[in-house]
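Here the protein sequences line up with chains A and B, keeping their order.
Under the numbering used here, the first sequence has 65 at position 65, and the numbering climbs by one with no breaks.
Under the numbering used here, the second sequence has 14 at position 14, and the numbering climbs by one with no breaks.
To be clear, the hints were calculated from the coordinates, so they are not data collected in a lab.
Mixed in with the good hints, there may be bad ones.
Stated by the list, open to error - Straight-line C-alpha distance at most 25 angstroms; calculated SDA-like pairs for lysine to any residue:
1) Lys55/A / Ser87/A
2) Lys3/A / Lys98/B
3) Lys3/A / Leu46/B
4) Lys3/A / Asp51/A
5) Lys70/B / Leu78/A
6) Lys42/B / Tyr104/A
7) Lys13/A / Thr86/A
8) Lys42/B / Lys53/A
9) Lys56/B / Ser87/A
10) Lys53/A / Arg14/A
11) Lys98/B / Asn31/A
12) Lys98/B / Asp51/A
13) Lys55/A / Gly96/B
14) Lys67/B / Thr50/B
15) Lys98/B / Gly54/B
As the list claims (entries may be wrong) - Heads up, incomplete: computed chain B residues facing chain A, CB under 10 angstroms, no partners named:
16) Ala29
17) Arg41
18) Lys42
19) Arg77
20) Phe108
21) Val109
Where a beta carbon is used, it is the ideal one built from N, C-alpha and C, also for glycine.
Spelled out from the first residue to the last, the chains are:
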Amino acid sequence: DVKVTQSSRYLVKRTGEKVFLECVQDMDHENMFWYRQDPGLGLRLIYFSYDVKMKEKGDIPEGYSVSREKKERFSLILESASTNQTSMYLCASDSRTGGRDTQYFGPGTRLTVL
Amino acid sequence: QKEVEQDPGPLSVPEGAIVSLNCTYSNSAFQYFMWYRQYSRKGPELLMYTYSSGNKEDGRFTAQVDKSSKYISLFIRDSQPSDSATYLCAMRDTGGFKTIFGAGTRLFVKA
């Protein structure tokens with residue numbers, strides 16, 4: 001069974017703090033993704049990575065950065081948290097080999113920035 | 001115009017009803033179509049996966065894809081209170097990395 005885990009379920013931070021969200025997958029997937037989910041807006045792609053040390057901007061990368069030093073781990077960094085980054089953050093992974101290339105999601109991190 | 005349109009609901013039905021959830025899309029290059037179910041405060045989980053057009057059935061769930069109309073549907077038969085969740089449609093083209101998600105439809109099944 002595919003398992004995607006995220007470091008925290010709930011996080012409260014203050015404006016201006018640097019925030020790290022970590023994601024680990026155990027299925028040797030080459031692709032990993034970070035989304036944020038807001039009511040009425042659905043899932044919006046922040047960044048994705050198709051290989052170690054490779055990253056691509058998604059639709060809303062501003063204010064975020066990512067790091068992928070190992071295949072199984074993909075980190076999202078909020079350099080200076082702001083209140084408009086309060087959201088649910090979802091990590092996902094997938095593989096384009098083996099036929100079935102759908103995304104598997106972690107449980108999410110609900111981040112509140114005060 | 002969004003690439004994928006999905007009515008956010010909420011949709012409220014009595015237990016045992018047949019539920020129909022729908023999405024429309026604009027990109028004719030989409031070939032892979034998925035439905036995810038998301039319970040409150042949880043991550044989405046894959047429910048159905050379809051490649052190209054046609055129907056796919058899995059227990060009480062049926063997914064339909066009509067590429068000529070750019071329209072996909074998810075039917076839930078004999079709906080149960082445990083089906084109460086948000087349902088997200090998703091789609092992607094061949095070779096693309098990005099999956100495009102609908103905003104999700106919130107479903108309530110009343111006992």
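Quick rundown of the hints versus the structure:
no.: 1; hint: Lys55/A / Ser87/A; verdict: holds, 22 angstroms
no.: 2; hint: Lys3/A / Lys98/B; verdict: holds, 20 angstroms
no.: 3; hint: Lys3/A / Leu46/B; verdict: holds, 13 angstroms
no.: 4; hint: Lys3/A / Asp51/A; verdict: holds, 18 angstroms
no.: 5; hint: Lys70/B / Leu78/A; verdict: violated, 37 angstroms
no.: 6; hint: Lys42/B / Tyr104/A; verdict: holds, 12 angstroms
no.: 7; hint: Lys13/A / Thr86/A; verdict: holds, 9 angstroms
no.: 8; hint: Lys42/B / Lys53/A; verdict: violated, 28 angstroms
no.: 9; hint: Lys56/B / Ser87/A; verdict: violated, 34 angstroms
no.: 10; hint: Lys53/A / Arg14/A; verdict: violated, 29 angstroms
no.: 11; hint: Lys98/B / Asn31/A; verdict: holds, 10 angstroms
no.: 12; hint: Lys98/B / Asp51/A; verdict: holds, 15 angstroms
no.: 13; hint: Lys55/A / Gly96/B; verdict: holds, 15 angstroms
no.: 14; hint: Lys67/B / Thr50/B; verdict: holds, 12 angstroms
no.: 15; hint: Lys98/B / Gly54/B; verdict: holds, 23 angstroms
no.: 16; hint: Ala29; verdict: violated, 16 angstroms
no.: 17; hint: Arg41; verdict: holds, 7 angstroms
no.: 18; hint: Lys42; verdict: holds, 6 angstroms
no.: 19; hint: Arg77; verdict: violated, 23 angstroms
no.: 20; hint: Phe108; verdict: violated, 16 angstroms
no.: 21; hint: Val109; verdict: violated, 21 angstroms
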